[in-house]
Amino acid sequence: MAGVFNVKQQLTFYGAYHSNKMNVAIHMICVPLIVWSTLVWLSALPLPESLAPPNFKPITVNKYISYEATWAWVFFFVYEAYYLILEPVAALIYLPQFLLSLGLANSFAHRPDGMLLGTAVHIISWVMQFIGHGAFEGRAPALLDNIAGALFLAPFFVHLELLFMLGYRKDLYQALKNSTGVEITKFRKSKAQEKREKTL
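Residue numbers for the sequence shown follow this note's numbering, beginning at 5 and rising by one.
Just so you know, these hints were derived from the structure itself, not from any lab.
One thing to keep in mind: the hints can contain errors.
Using 20 angstroms as the maximum straight-line C-alpha spacing, the simulated DMTMM-like pairs for lysine to aspartate or glutamate come out as follows [to be verified]: (1) K67 <-> D117; (2) K193 <-> D117; (3) K193 <-> E165; (4) K190 <-> D175; (5) K25 <-> D117; (6) K181 <-> D117; (7) K181 <-> E198; (8) K12 <-> E187; (9) K181 <-> E165; (10) K12 <-> D149; (11) K12 <-> E165; (12) K195 <-> E141; (13) K202 <-> E165; (14) K12 <-> E84; (15) K25 <-> E201; (16) K25 <-> E187; (17) K193 <-> D175.
Predicted model, so just to flag it, every value in this text is computed and none were measured.
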């Protein structure tokens, strides 16, 4: 169970499925869109009174950003809490982006075509990711081996990829590079072994 909260172990698992630069680039675009479109869906579902904060009033920043007591907040708190346990500083840096995505999704959900467009974005983003894995990575997505782990880790993975590009925690970056390299080598050796066995 402890491994679930070990940032190196979790990101090594996910990173081993995302070593190709083009596939990572696709994920850096599509994963935030999947998070946003999921928040659009959940923003249409108000929290029951038993779960809603007492005396909470909707907050409207402008016509594009607003906040209401919906299930989107449950998604937000669960994911952000997990990231705070994994890597607190990176999670705090992610917080403004996450809150912005939540606010944009809430306002978008009120559009007459909000659900339709949100669903279209969601589906297209998933399709693009599968293309990334099939055409560039040459390996099935991580969610086929660990769906819960992949769904929770994907947003934080792409966030950390951006932070690493900006020089965040070079020690962690190098450790993950080494550990994912080991896992990728194991995978390639196993695939090569399977091919040899098939030719016998």
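Here is what the structure says about each hint:
| no. | hint | verdict |
| --- | --- | --- |
| 1 | K67 <-> D117 | holds (16 angstroms) |
| 2 | K193 <-> D117 | violated (48 angstroms) |
| 3 | K193 <-> E165 | violated (26 angstroms) |
| 4 | K190 <-> D175 | violated (23 angstroms) |
| 5 | K25 <-> D117 | violated (34 angstroms) |
| 6 | K181 <-> D117 | violated (43 angstroms) |
| 7 | K181 <-> E198 | violated (26 angstroms) |
| 8 | K12 <-> E187 | holds (13 angstroms) |
| 9 | K181 <-> E165 | holds (11 angstroms) |
| 10 | K12 <-> D149 | holds (18 angstroms) |
| 11 | K12 <-> E165 | holds (14 angstroms) |
| 12 | K195 <-> E141 | holds (14 angstroms) |
| 13 | K202 <-> E165 | violated (37 angstroms) |
| 14 | K12 <-> E84 | holds (18 angstroms) |
| 15 | K25 <-> E201 | violated (30 angstroms) |
| 16 | K25 <-> E187 | holds (17 angstroms) |
| 17 | K193 <-> D175 | violated (27 angstroms) |
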